[in-house]
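Engineer: Listed in order, the protein sequences are those of chains A and B. The opening residue of the first sequence carries number 1 in the working numbering; numbering runs sequentially from there. The opening residue of the second sequence carries number 1 in the working numbering; numbering runs sequentially from there.
Accuracy of the hints is not assured; some may be wrong.
Each pair of labels, with its calculated beta carbon distance range [what the hints assert, rightly or not]:
#1 A:Gly215 with B:Ser109: 46 to 54 Å
#2 A:Met1 with B:Ser109: 18 to 26 Å
#3 A:Arg240 with B:Asp291: 36 to 44 Å
#4 B:Thr2 with A:Met1: 43 to 51 Å
#5 B:Ala29 with A:Ile243: 22 to 30 Å
Derived, one-sided and incomplete: chain A residues facing chain B with beta-carbon distance under 7 Å [claimed, not checked]:
#6 Gln3
#7 Ala6
#8 Leu9
#9 Thr14
#10 Arg15
#11 Gly23
#12 Thr26
#13 Tyr76
#14 Thr80
#15 Pro83
#16 Leu86
#17 Asn88
#18 Pro89
#19 Asn92
#20 Arg93
No lab work stands behind these hints, which were simulated from the structure alone. We put the CB at the ideal spot given by N, CA and C, even for glycine.
These are the residues of each chain, in order.
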Amino acid sequence: MNQLRAELLKIRSTRTTIGLLAGLITLALLFTILTCTLSPMSQLFTVQDQTNVLSFGSIAGVFAALAGVMLFTSEYRFGTIRPTSLFNPNRNRLFTSKVTAGVLSGLVFGVIGEGLVFAIGIVIFKIRGVDIVMSGANMTELIVGAIVGTALWGAIGVAIGAIVPNQVGAVIALLAWGFVVENLVFGFLPKIGRFLPVHASDSMMGPIQNKLLPGNAGVVVTVGWALVLAIIGMSLLRRRDVI
Amino acid sequence: MTYVIESASLTKRYGDVLAVDDLSFNIEAGTITGFLGPNGAGKSTTLRMLLGLAKPTRGHATLFGKPYDELETPALRVGAVLEATDFHPGRSGRDHLRMLSRAVGLPDSRVDEVLALVELQDAAKRRVKGYSLGMRQRLGLASALLGDPDLLVLDEPANGLDPEGVRWLRDFLRDFASGGRTVLISSHVLAEIAQTVDQVLIISHGRLITESTLDDLTARVGGVVRVQSPNLDQLAEALQREGIVTTRNNDHALLAQGTTRERVGDIALSAGIAIYELVTEGSSLEEVFLDLTSEGVSQ
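Could you put together the complete structure from these sequences and hints?
Structural biologist: Next up, the structure:
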C-alpha cells in the first residue's frame, strides 16, 4: 500500500500526466464535435452507427497506456529506478504497485475520455434531432466497456514499460502496434485480428463494428493479454540488474 | 564479530568482462571507509551488489548480517546514493523525497527535516532541473538520510562539488559517523576523501589491492607527515633520535618521512613540544594510490 501511494504521487508530481490529460481532452472534444456535427443523418441511424461514434472515448486507452509506459520507462530514463529499488527492493511488490497505479490512472483517463465523448455526443445528437436508438443496456456496455478497457490499457502500458525500459522504444512499439500492426492484421485476417488486444478491448464496448468478438469474450481476451504481458514484465524486472 | 558490511568472494561477470573478481572485505560499525579505485575498477558494481541492485555471479554480501533485500524495510537501516543525477527533472526536490518516504511509510515532516539538514529547504519546491550539481548531491544525500539509517553508502559523492561543498560533505560525514554510525564512500581520487576516511579499501580491475588504515598505508610505502610547531629544531632532533628522517618544509613546518601522524604526535608529546598542525601529505598519498592501482593493472 505504501508503494502504491508512492506510485500515485509519482503520477501526480510531474507535468507528464497533465500533458496526457490535456491531449486526451483536446482530441476527444475535437473528434466528437466534428463527427457528431458533420456526419450525415443517414450515418447516424443504427445502434452500430451511434455506438461507433460515441465509442471514440476509448482513445483514452492510448493515453492510459502511455501513462503506464512512463511509470517504468521514466524511472529508467532518469535513473530514479535506483532510489525506487533501494526503498522497495521487493520487485514483485514494486511491479504490482505500478500495475495498480496504471489501472487506477487508466480508470481516470477512461472516465474523462468516454464521459466527455458520450455527454457531448448525446447533446449534439439531441440538438440535431437524431433519434437515439441505443438502449440503456447499449449505453451502459459502451461506457463501462470503454472505461474498463482503458484501465486495462493502463496495466498493459506498465507491463510494456517493464519489458522495454527504453522510453522511446516502448512508446514507438506501443503506437506502432496499436495504430499500424493491429489494423493491418484485423484488415487482412479479422479472425485472428479480433483476438489482438486493441480489437479485443474495442469489443468490450458493444457493436461498434462487425467481426469483433462478443463483449464477454473481449473482456477475457483483453484481461488475458494484460496478464501475459504483466507476467513477462515482472519476470524481466526480477531478473534484470538495476545498473 | 558481527560486521556492518560483509562481502565474501563477491564476483560479477558481464559477458567476457570480469567487473568484480572474488572481492572479500568486512567493515566494522562506527568507521568511515573509503572505497577507492580508478574509473572502471568495479566500485559501482560492487556497491550495487551490496545493495541488492545487481545479482552477484558468485559470492554474497550482507549488511547487518542479511542480504539487503532481506532486511526489514532496508531504507530505515541503510541510506545510499549511487548517482547524483537520479531525479526526474520535472519533479520538485520535495516531491522526490515525498515519493520515497511514502514507499516506507515515513511522514512528510521527515522530508522537511532532511531538507533542512542538507540546507535545501529554500529550494525544496523548485523543480530539480533548476538545481546545481551541488544541490543535486545534497538532495541525493537527503534521500539517503530519510530513514535515519545506521549505514550510509555513497558512490562518488564529492564528484563535481566545489571546495566549499567538499568541506560541507566532510563535516557532515564526520558528524554522522561520530555517533557510532558507519559510512562507506567510494571515490577515484584519494585526495578527495583522505581527510574524511579512517580506512581504505583499494580495488583495481575488480580485485582488492589493499585494505588498511590511511596512516598504515602511508607508513608502509614511505608516507610524509607535515608538522607545524613553534619549536621546529627541537622537534626535528626528537624525531631524528627515533630514526625518522626530517626535512624543513618552510619556516613553520617539517616534513617527517616514512612515518605516521600518530607516531609524530606521540614523539612530540614525550618531548613536551607543542604542535600546531599534523597532516598526512595528500600528494604523497595520491602517489601511493596511483602506485598501488597501477600495480593492480600490471598484475
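Engineer: Checking against the hints above, which ones are violated?
Structural biologist: 4, 11, 12, 13, 19 and 20
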